[in-house]
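Participant: Sequence:
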Amino acid sequence: MRLMISAEENRFLTETGPGTPCGNLLRRYWQPVALAEELPEGAAPLPVTVLGEKLVLFRDDAGRPGLLDIRCSHRGTDLSYGRIEDGGLRCLYHGWLYDVCGRVLEQPGEPGGGARRADIQHPAYPCQERGGVIFAYMGPGEPPLLPRYEFLEVPAPRRSVVKIRYNCNYLQANEGNIDPVHLSFLHQYIGDEKTSRGRLVLGANTADNVLLGRDSAPTIEVEVTDFGLRIYTVRATETGSLYLRITNFVMPNLSAFGGSTVGEGYAVHWHVPIDDTCHWKYVFMFSREKALSPELVAKSR
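Just so you know, we're using the numbering used here here: the sequence shown kicks off at 104 and counts up by one.
Hint data in this document are derived by calculation from the structure and do not stem from the laboratory. Hints may contain errors.
Here are the simulated BS3-like cross-link-like pairs (lysine-lysine), alpha carbons at most 27 Å apart as the crow flies [as the list claims (entries may be wrong)]:
id, residue 1, residue 2
1, Lys266, Lys393
2, Lys266, Lys384
3, Lys266, Lys157
4, Lys393, Lys157
All of these numbers come straight from a predicted model, not from anything done at the bench.
Build out the structure end to end from the sequences listed, making use of the hints.
Facilitator: Okay, here's the thing in structure tokens:
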């Protein structure tokens, strides 16, 4: 029985640059590219790398987000050094002005003031801002609808989002999301009591965390759904009752499960490749019923 995938299979699943199979797949979905708080109105352009592409994220003077190839179409100058003015992003080298759609608005150094500027389309990706995050669609054709996920729609006091850089590829982290057994060992939640061999004892910070440590060899069942996978993990307790934990894996790079807001919401991990060896994990928490406590938000950061 073969337990490990081959090097070729690994490359197929983890390489996400332009033209790669998984890169093409991920580009057909809206992906988070930055937290909205990273790019407040009036901020300088923000260089970002997404799916192996070096890009610049900016807001025009109307506050609209735009995502462009970081190299100016004129001489390849880094546009993250540009200025926000006159309805777009102006390159510092020769003053070419781009709008959020990649149209060239001005070419001040060209004959006739850039009479043929409409012939140039700078690489640009559509953006939307929702739930405290700026999303981009980097695929072909018209963008699909950005899903109206519940965790993106609730008011700000009832949601929180942070991003964490991981020095591993996006698939390795996604594997952790759908691996319920490791929770009993690697995730040693420490509250008021101690842990023993990865098993939580009564008095730890939440009942959910306690139960994760009670049965280190749970029963696992997987349901194939129209959005990905639903994973049912059943752990036995000393009283004979069962603890059920449900994880939803939403293709191609998002997982949702009960977390710190268990009972009134859930947590979401959305893994977005920077390149083939590291990625950003966007961690969303939300509550349907009440504002998140400052302590919970601070802990997530």
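Participant: Can the restraint linking Lys266 and Lys157 be considered satisfied, given a maximum Cα separation of 27 Å?
Facilitator: holds (19 Å)
Participant: Run the distance test for Lys393 versus Lys157: straight-line Cα separation, threshold 27 Å.
Facilitator: violated (39 Å)
Participant: Does the structure keep Lys266 and Lys393 at a Cα separation of 27 Å or less?
Facilitator: holds (23 Å)
Participant: Quickly compare the C-alpha distance for Lys266 and Lys384 to 27 Å and report which way the hint goes.
Facilitator: Measuring from Cα to Cα gives roughly 5 Å; hence the hint holds.
Taken one by one, the earlier hints fail for this structure only at number 4.
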